[in-house]
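Engineer: Listed here are the chains, written in short residue letters.
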Amino acid sequence: MSEELFAQMRQAVIDGDPAAAAALAEQALASGVPPLDAIDNGFVPGLTYVGEQFGAGELFLPDMMLAARAMQKAVAVLEPEMQRQATERHVLGRVVLGTVKGDIHEIGKNLVGMMLATSGFEVHDLGVDVAPERFVEAAREHSADVVGVSALLTTTMAGQRTVIEQLEAAGLRPKCRVIVGGAPASSTWATEIGADGYSEDAIGAVALVRQLVGA
Amino acid sequence: MNTASAAAAGVRPRLEVLSPAAIRRIHEATLEVIEKVGVRFPSEQALDIWAAHGATVDRATSIVKVPAHVIEAALRTAPPAYTLAARNPAQDLPLDGHHVGVGTDGCGIEVLDPWTLEVRRSTLADVADIARVGDALDQVDFHWVAVSAQDTDPATRTHEELLAVWRNSTKHVQTETVVTAPDARTAIEMAAVVAGGRGALRQRPVLSMMQCTISPLAHDGGPIEASLVAAEAGVPVGFMTMASCAFSGPATIAGSLIVGNAEVISAMALMQLAFPGSPVYYAAAQTAMDLRTGAYTGGGPEDFLFGAATNELADFYNVPLSMGAFATGDKRSGWQAGLENGLSAFMASVSGADMLLGVGLLHGSRIWSFEQMILDAEIASIVEAMLRGIPFDDEALALEAIAEVGPGGEYLTLPHTRKAMKGLWKATYLDRRTYGQWHDDPDKYHRDALERARSLIKNHRPEPLDPAVDRELVGLIERHRQAAMAS
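Sequence order for the protein chains is A and B. Letter by letter, the first sequence follows residues 1345 to 1559 of this note's numbering. Letter by letter, the second sequence follows residues -7 to 479 of this note's numbering.
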């Protein structure tokens, strides 16, 4: 019975169908399937399959994003029950993300956030036009392992340095790592402002964060 | 490049990818999107203007929904043609549908150093060197600030960049990094000093501005307010959409054209509502996301089709177009750069772009290469020759020469040849040597291009600014710095 449900969950993620994924999560709760089992045996295998096919060049970034979104919907349905049972998904690390003050570009940052979330990280996305103090506050509040700072403009990228300086001033460094991204950033820029890492794209960002937290 | 006097009795090559019905459909769909879905303008000033002209304004989301007739009436006051003035009037660039002006690209963040050949962060000295080389190259008609002067104070960076270009070139300057109203006010004061006063600037805008939209369907507040400052001063301002298939626009070309068009025409309409008759232009650098990496590609068949289609939209709205071309994703000056820049420049030019952006950057407009700048200029010269079309006067028909040589024989030694061959294009950096010569020195043309740039950096002496003007510009920058520190 569970096996068939798990197969449907896997397929819902592969199809990138958030409504189906959420309905299957409800069904799991109604029939008493433990939420963690549903995630680990149902939804995650779908995501793993999509990831493998993506790696092989058979599926594309939008396929990955849709699968990730379906997975997120399902987890959101299961979360209250997980909390009630006092079970927790094992997270690889806690990440705070945002776009620097004065900059309202967000697609790239959202992509990184979703990829991290579906790779097993707890992601707190602060949105766009985020003041440096907000990054510090959120890093402290969530005990962030990594803070990701995005900027798209040559006129706003200096804000990445400010975030690092303020995290230093707040005494959160070097324990809390900082990564930077966005079109004007580069590895030389990351080095110059004392960031712990830079990635040119979202897939690289996941690998970078994994490496930084030793996952 | 001037393509007006071309093809005396021949036809200037012209390519169309949208039928009149298709253009009309895109226009109507765009109006519907602006009216029903809306466009975000996060600026109180912009929202006030929209509200005063009958748009539905949501102050919480900054989204405006504008009736179609308001947009259409506003666009009708945009001037169809005007001139981008240069410090040297002989270098003025008329945006009249008969000229394609090639600019430098922008705004890169790294430079392939012409002396060490290492990639490093860009500086103010690079901005000056690039302007100097651009001043010397016939194929470069105007400047963008090609790279960011990252060694300068961010508060006055855009103004120092502007001054560096004016000090090193007499050609027109278009900025893409003046993104707040205070920055725009200082930039325009500087331009007025160069032009010889506010009235003179309005007559001869030696500066124009370009602002990027935020796809999908949004603008940034600062850049919109900077644009309003420009429009009030009569400084031409354009809006560039980079809505990319499957990323910041729908996965289809038609859908992304509609999204991009809504962004651009809504911003142009806002300028016209605020300052009717102010010079505006359409700008676009649309592409398709790379489906595997999510990267901005800056090349590929979708790019080239966007280039042609956007020209037809700008013609429909009867405003000049600045088209992103030469935006190769290549990391070096290799085959991909030649292919992408050649096709994008050709497609945009042959469909009637007025401004082409721009030469010199690699890796999707991130890394400046002087070698690529020189090679892109050669691409521009090929495109220019094609746009001149096929001349058809008596000398071109060459009937006397044909009779003189007759069947058999050759044309090498004919006086007609010696005279008429001046019209044939001559390669500077294409490798047309023998195989043996190539084998002995395979990199000759890459080296030649780099050496040409090096020589211009060292030896080209542009017409300097009048010392009094220079001092005044430095003073304005200093005043801006102090105002920025005080606030």
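None of these hints come from the bench; they were simulated from the model. Here a beta-carbon is modelled for each residue, glycine too, at the ideal position from N, C-alpha and C. Where hints are given, some of them may not hold.
[To be verified] Estimated spans, in silico, between C-beta atoms of each pair:
1) B/60 <-> A/1346: 25 to 33 Å
2) B/43 <-> A/1514: 37 to 45 Å
3) B/328 <-> A/1384: 56 to 64 Å
4) B/52 <-> A/1484: 23 to 31 Å
5) A/1348 <-> B/50: 30 to 38 Å
6) B/455 <-> A/1558: 54 to 62 Å
Engineer: Now tell me, hint by hint, if it's right for this structure.
Structural biologist: Now the hints, each set against the structure:
A C-beta distance of roughly 56 Å is found between residue 60 of chain B and residue 1346 of chain A, which places it outside the suggested range of 25 to 33 Å. Between residue 43 of chain B and residue 1514 of chain A the beta carbons are some 42 Å apart, a value that agrees with the proposed interval 37 to 45 Å. Separated by about 44 Å at the C-beta atoms, residue 328 of chain B and residue 1384 of chain A break the suggested range of 56 to 64 Å. For residue 52 of chain B and residue 1484 of chain A, the hinted distance range of 23 to 31 Å is satisfied, since their beta carbons lie about 30 Å from each other.
Distance hint check for residue 1348 of chain A and residue 50 of chain B: the Cβ-Cβ separation is about 47 Å, which falls outside the suggested range of 30 to 38 Å. Under the hint 54 to 62 Å, the C-beta atoms of residue 455 of chain B and residue 1558 of chain A, about 60 Å apart, fit the expected range.
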